[in-house]
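Heads up: the protein sequence lines correspond to chains A and B, in order. Okay, so the first sequence: first residue is 1 according to the working numbering, each after it adds one. Okay, so the second sequence: first residue is 1 according to the working numbering, each after it adds one.
Since the hints were made in silico from the structure, they are not lab data. Don't take each hint at face value.
In this list, chains with the same sequence are indistinguishable; a pair is considered to hold if it fits within one copy or across any two.
Result set (SDA-like, lysine to any residue): computed pairs, CA atoms no more than 25 Å apart in a straight line [as the list claims (entries may be wrong)]: (1) 225 <-> 195; (2) 160 <-> 147; (3) 225 <-> 278; (4) 181 <-> 278; (5) 181 <-> 225; (6) 296 <-> 216.
2 protein chains.
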Amino acid sequence: MSLLVTGSIGIDTVTTPHGSADEVLGGSAVYFCFAASYFTKPRLVCAVGEDFPEGFRKTLESRDIDLAGLEIRKGSKTFRWQGKYVGDMNEAETVGVDLNILTEANAKVPAEFADSKIVFLAATHPTAQREFLEQTPGCKLSVADTRDLWIDNEHDELIKTLGVVDGVIINDGEARQLTGKVNLIEAAEGLLAMGPKFAVVKKGEHGALLLTQSGPTVIPAYPTKNVKDPTGAGDSFAGGMLGYLAETVDITDEALRRAIVRGTVVASITIEDFSLNRIGVATKDEVDQRIAEFVKMLRVE
Amino acid sequence: MSLLVTGSIGIDTVTTPHGSADEVLGGSAVYFCFAASYFTKPRLVCAVGEDFPEGFRKTLESRDIDLAGLEIRKGSKTFRWQGKYVGDMNEAETVGVDLNILTEANAKVPAEFADSKIVFLAATHPTAQREFLEQTPGCKLSVADTRDLWIDNEHDELIKTLGVVDGVIINDGEARQLTGKVNLIEAAEGLLAMGPKFAVVKKGEHGALLLTQSGPTVIPAYPTKNVKDPTGAGDSFAGGMLGYLAETVDITDEALRRAIVRGTVVASITIEDFSLNRIGVATKDEVDQRIAEFVKMLRVE
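Please model the entire structure based on the sequences and the hints provided.
Encoded structure:
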């Protein structure tokens, strides 16, 4: 099935206890596409400014990603984010942000993408998320992410978006903030009560919780001691998950569980270096090998 | 194999967001024995004061636990603990503590227990842990827990104890404190460097990490939304784990992984009510059913 993603492309500056990266390629849609491309050829819809470096464009082109929805907008500037991770690196601290093009009109979904069967709406204004969805009438499985900003400031619009999507993938803090429930199963139940048929709560280094009508499943994170930069982990998780589902015929609960294992593994690769340094070079064989190892690790009598 | 536990028996007063329990039976050795007794008949070594309620003694006698090492000491008072859990209940706050008998001489291991094959040394003074071990010359597998108090105040003695035990089971905060490593795999590696052949790092609601020479394994916590009181979760985990191992012939890495799944499940039952209210009534069938469900949940292709 065709997989479309809408989200951000950014120029990131990141500091972690293991070093820093200045003005590197980042953004939710980029990590998502790199992760998904291990399993399928994702379709990207996003706008960047005319300052978008040629080298970054080449990096995107080097991967098996359909860039027909990438708009390079004259007179606009690309989104920039400066962030910092400290201690256990479980949460990013935003040091600075230049929204730039994110305050303008969103990119349009090209006509050739309107038949996309799976649509991932990375965290952005919830009204914009629904507008993207309206441009993909062929969609069979829509999944949204969101973040604290929209939960705080656009609560009613977010509830409307959650009322029309099939699935939601958000982190634990946001799930608690949105539902008012501390226990994560109760928080996930609160998310399902808003409309989606499944909810995935991402717990960073502690893995993920999936809730469907048939109950909860928990998957730990792949154990790695080589964590240099968690930026993009959540979007890589979603990309690996939905990339895998795009090549799956029946989206059953069992398929969702297999997909979460894939998302977990790809995220574990992303965080082993800054920006796309690691996920940009890891081979499909390497990913498959780690999936096999992880599946074996979870198999207990 | 015979399983012996040394640890505390206490009279607990606990408050959580879901209620409170006043002057109830608690203590590491009690939770451990209740948990282990689903799999084997554990041997308890512990001293209580003459104030130890007759009803608590009957509760212990009602379970398949060998109480030959339970000393009721004239003129002494039983250990008492008052604790509080807030928010996500991942950490207990000690509101008050009356060490009482814990400041006196330790109970002796009865001669009939000297042949115990597996010995669990619940958190207590690290010198006392080694003294217990010297009284069990038949021990084939010794496992120690510890806590912040001993890491801070008796570091050198603790290092000596870790130098003579086969395994260590401690929580994530303590593993980090003891090794100075934030990443839990690195922390577990630090523990193995101190002597033990395996280390289990307990992560509360996030499950547990096992490290052996052949690498790390992570197991999530059993997902339950019915968490009333986390008191005793860690000791129930250790009890379920070692109780299972006591009935296992070959203690391989694979057996350790199966044991951790058992420990995880029994701990998930303990926390569903205050004190022993839940683990005191859950049947073996109920435990076996939850183990089967959990094993199935972790099985992904």
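Do the hints match the structure? See the list:
1. 225 <-> 195: between (37 Å within a copy, 20 Å between copies)
2. 160 <-> 147: Classified as within: same-chain Cα gap 15 Å, cross-chain 48 Å, threshold 25 Å.
3. 225 <-> 278: within (15 Å within a copy, 37 Å between copies)
4. 181 <-> 278: Result: close only across copies, 23 Å inter versus 36 Å intra.
5. 181 <-> 225: Classified as between: cross-chain Cα gap 10 Å, same-chain 31 Å, threshold 25 Å.
6. 296 <-> 216: Answer is both: 21 Å inside a copy and 12 Å across each meet the 25 Å cutoff.
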